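*Asks:* Sequence:
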Amino acid sequence: MSIGQTTVVESIAETLYLRLTPMVNNTIYNTKVREVIRPRRLEDRTIKDRQIVMTDASHDRVPELDHEGNPPAQAWRITFNLYLHVQNDESKCEPIDKVIHTFAADVKKAVCAVDSRWHTFGDKAIDATWQSMEAIQADGSFDGVNLPISITYRVSENDPYQVRS
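Residue numbers (the numbering used here): 7 to 171.
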C-alpha cells in the first residue's frame, strides 16, 4: 500500500458523491439542488431546502458472496443514506409529494445515468440496489426523505485497498 491510497469503500463513496454534485445549480434536472454534503464529524450544519446530505448507514459482511483464493476475497455491503431535504414554500401550489418524487427521480438519474455499468462505481463494486424511501420527520414536521442505496463490493481479506471481482 502506498501512502495516500484510497480504500475501495472510500473510492465508492467518492464516486457516489461526484455523481451527485453536478445536480447543484444545474439545468439538466428538474430539481435545483442547493448543495451536496458529506458532513464532518463535528460539523454543525444547517438544513437547507433542496439539500442532499450523504452519510454511511451500515457496513455489513456478505459471506455468501466471498470468493476463495490466496488471499480470499471478502464481500461487503455498505448502505449510504442520501437525505433529500425539502422545505416547501407554503406560497407554492405544488404538492409536496410531487416535489419529493421529482427530487428522488433526479437523484436516481444522476447516479445511474452515467452508463449501463453505473452499479459498479468504476469497477469497484459488484452491484448496487436502491432501498425503500423513508420520510424524514424533524420537530414533528415533514423535512424530506431518505433515499438509501446499498452497494456490494469485494476486497482482499488482508487488503481493503485492493478490489477483488
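Keep in mind that the hints were calculated from the coordinates and are not lab data. Since this is a predicted model, take the numbers as computed values, not measurements. Note that the Cβ used here is the ideal one computed from N, Cα and C, for glycine as well. Check before you lean on any hint, since a few could be wrong.
Straight-line alpha carbon distances no greater than 25 angstroms define the calculated PhoX-like cross-link-like pairs of lysine-lysine that follow [unchecked claim]:
| id | residue 1 | residue 2 |
| --- | --- | --- |
| 1 | K98 | K54 |
| 2 | K114 | K104 |
| 3 | K38 | K115 |
| 4 | K104 | K38 |
| 5 | K54 | K115 |
| 6 | K104 | K115 |
| 7 | K38 | K114 |
| 8 | K104 | K54 |
| 9 | K38 | K54 |
| 10 | K98 | K38 |
| 11 | K114 | K54 |
Across the chosen pairs, the derived CB separations fall in these ranges [stated by the list, open to error]:
| id | residue 1 | residue 2 | range |
| --- | --- | --- | --- |
| 12 | R47 | N76 | 32 to 42 angstroms |
| 13 | P78 | G128 | 46 to 56 angstroms |
| 14 | T33 | P78 | 15 to 25 angstroms |
| 15 | P101 | I53 | 30 to 40 angstroms |
| 16 | D121 | N31 | 17 to 27 angstroms |
| 17 | N31 | V120 | 30 to 40 angstroms |
| 18 | R51 | E74 | 17 to 27 angstroms |
| 19 | Q168 | E100 | 40 to 50 angstroms |
| 20 | K38 | T61 | 33 to 43 angstroms |
*Asks:* Against each hint, give a clear statement of whether it holds in the structure.
*Replies:* A quick look at each hint next to the structure:
no.: 1; hint: K98 - K54; result: 17 angstroms, holds
no.: 2; hint: K114 - K104; result: 15 angstroms, holds
no.: 3; hint: K38 - K115; result: 14 angstroms, holds
no.: 4; hint: K104 - K38; result: 14 angstroms, holds
no.: 5; hint: K54 - K115; result: 22 angstroms, holds
no.: 6; hint: K104 - K115; result: 16 angstroms, holds
no.: 7; hint: K38 - K114; result: 14 angstroms, holds
no.: 8; hint: K104 - K54; result: 18 angstroms, holds
no.: 9; hint: K38 - K54; result: 12 angstroms, holds
no.: 10; hint: K98 - K38; result: 15 angstroms, holds
no.: 11; hint: K114 - K54; result: 20 angstroms, holds
no.: 12; hint: R47 - N76: 32 to 42 angstroms; result: 37 angstroms, holds
no.: 13; hint: P78 - G128: 46 to 56 angstroms; result: 23 angstroms, violated
no.: 14; hint: T33 - P78: 15 to 25 angstroms; result: 48 angstroms, violated
no.: 15; hint: P101 - I53: 30 to 40 angstroms; result: 21 angstroms, violated
no.: 16; hint: D121 - N31: 17 to 27 angstroms; result: 24 angstroms, holds
no.: 17; hint: N31 - V120: 30 to 40 angstroms; result: 20 angstroms, violated
no.: 18; hint: R51 - E74: 17 to 27 angstroms; result: 44 angstroms, violated
no.: 19; hint: Q168 - E100: 40 to 50 angstroms; result: 48 angstroms, holds
no.: 20; hint: K38 - T61: 33 to 43 angstroms; result: 22 angstroms, violated
When held up to the earlier numbered hints, the structure conflicts with 13, 14, 15, 17, 18, 20 and fits the remainder.
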